[in-house]
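Please put together the full structure from these sequences, using the hints given.
Residue numbers (our numbering), protein chains in the order written: chain G, 1 to 267; chain Y, 268 to 430.
Rather than coming from a laboratory, the hints here were simulated on the basis of the structure. Glycine residues also receive a C-beta, built at the ideal position from the N, C-alpha and C atoms. One thing to keep in mind: the hints can contain errors.
Using 30 Å as the maximum straight-line C-alpha spacing, the simulated BS3-like pairs for lysine-lysine come out as follows [said to hold, decoys possible]:
1) Y/K419 to Y/K387
2) G/K86 to G/K139
3) G/K26 to Y/K419
4) Y/K387 to G/K83
5) Y/K391 to G/K83
6) G/K55 to Y/K270
7) Y/K270 to G/K83
8) Y/K419 to Y/K322
9) G/K86 to Y/K391
10) Y/K270 to G/K26
11) G/K39 to Y/K270
12) Y/K270 to Y/K387
13) G/K86 to Y/K387
14) Y/K423 to G/K39
15) Y/K322 to G/K55
16) Y/K270 to G/K86
17) G/K255 to Y/K391
18) G/K17 to Y/K412
19) G/K10 to Y/K270
20) Y/K412 to G/K10
21) Y/K387 to Y/K423
22) G/K17 to G/K65
23) G/K65 to G/K86
Here are some of the chain G residues that sit facing chain Y, going by a computed Cβ distance under 7 Å [unchecked claim]:
24) E3
25) T4
26) S5
27) Y6
28) L34
29) A43
30) P45
31) D100
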Amino acid sequence: MYETSYSRAKDASDAAKKMRAADDGKFLAGGMTLLPTMKQRLAAPSDLIDVTQIKDIDDINVTRKEVTIGAGATHAAVASHAKLMKVCPSICSLASHIGDPAVRHRGTIGGSIANNDPAADYPAAMIALDATIVTNKRKIRAEKFFTGMFETALKDDEMIKAVTFTAPKSGAYAKFPNPASRYAMAGVFVADHGKKDIRVGVTGASSDGVYRANDMEKAMGGKLSSEALDGCEVDEGAMLSDIHGSAAYRANLVKVMAKRAVDAAAG
Amino acid sequence: MAKVEITVNGRATSAEVEDRTLLVDYLRENRNLTGTHVGCDTSQCGACVVHVDGKAVKSCTMLAVQASGSDVQTIEGLAGDDQLHPMQEAFRNNHGLQCGFCTPGMIMTAVDMVNRLGPKLDEKTIRAELEGNICRCTGYHNIVKSIAEGAKQMGKGMKKAAE
Chain G
1 MYETSYSRAK
11 DASDAAKKMR
21 AADDGKFLAG
31 GMTLLPTMKQ
41 RLAAPSDLID
51 VTQIKDIDDI
61 NVTRKEVTIG
71 AGATHAAVAS
81 HAKLMKVCPS
91 ICSLASHIGD
101 PAVRHRGTIG
111 GSIANNDPAA
121 DYPAAMIALD
131 ATIVTNKRKI
141 RAEKFFTGMF
151 ETALKDDEMI
161 KAVTFTAPKS
171 GAYAKFPNPA
181 SRYAMAGVFV
191 ADHGKKDIRV
201 GVTGASSDGV
211 YRANDMEKAM
221 GGKLSSEALD
231 GCEVDEGAML
241 SDIHGSAAYR
251 ANLVKVMAKR
261 AVDAAAG
Chain Y
268 MAKVEITVNG
278 RATSAEVEDR
288 TLLVDYLREN
298 RNLTGTHVGC
308 DTSQCGACVV
318 HVDGKAVKSC
328 TMLAVQASGS
338 DVQTIEGLAG
348 DDQLHPMQEA
358 FRNNHGLQCG
368 FCTPGMIMTA
378 VDMVNRLGPK
388 LDEKTIRAEL
398 EGNICRCTGY
408 HNIVKSIAEG
418 AKQMGKGMKK
428 AAE
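Written out as structure tokens, the structure is:
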């Protein structure tokens, strides 16, 4: 790891101030991606600004169906939050399958979505849940937030404070993990918001990162039916292709995972 | 350079370290606690698992400065003066190790598992919870057996302590 300079932010405005003063700074949350990347010398930020000590940054709040998850909430905290489990068990289940227990004790939801790894799980949930990303500057709808592989709408000195969403009527996440790394090779989050509003978020597979599967949503016409997806064609040309799986394989996986998620959401 | 203050196995420690110093290097190089191992150095293998504020974490993927102000427990802090921790004893009784390289991480993960999920652990749960710990000798069978027995013994200890 190259040399770096570490500091802790007291609050969001302090974090932004420190970031503006830094030559090439990065916000540090759990560090489960950033630190390994730095160890491999693929990243060399001059400054690390630790945001995990900011007051209430890891709060999870559930009021009836309205959910707010602080950016610093760890995967372990999301997975085991009793109130969240009652209104939106699908996101708890998703969090409980990220990495391993030790990684879940450190990794955070804010870090995951700010990084927007094409194989990260949370971005698919954010899209399907129609979540809002709350930063120190503004509120951004998930669909506008994720702008491509490892790319987001975040400005340099903009940090995520929380995500908010309304718990859906039902939802489910199905992923096909790479057998070695356990990263999603295709992961599909399906959320039924009622009033014929079903949303489908797909991660792991597309060369453009997470995306919303409008065609699948349309095919279902507001009713959770995996058979309705039979006619959907997933575009191979848009899929990742590597030693773990060809584009055609991944395109097929997306459909299979989507059907599994729809069946699970339909209960 | 940064000043870190970390309570390690109940003892207050402090030192000036480079900001980029990993927690595992602080423990091994600075505190001479070499029971915590570095296996893969990429947060896959779990040989470096320690407890930070009571939670299992991979100390190869955390900076020492991040742990400043925290309580850290390593494998060296588990046993009493002349008695192994029940989980260590269980690994010994069940031949839960061969070369022993992964063992400190396995045991710290196992203790964390019991702390979170209680002493009644079925095989499926233990295997799933071992996702982040890799052993290249035993084929896991005896490790799983060790953890089941260690958990049971820890449960008896907890019950006794409660009485």
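Indices of hints not satisfied (ascending): Hints 3, 7, 12, 14, 16, 18, 20, 22, 28, 29 and 30 are the ones this structure does not satisfy, whereas the remaining hints hold.
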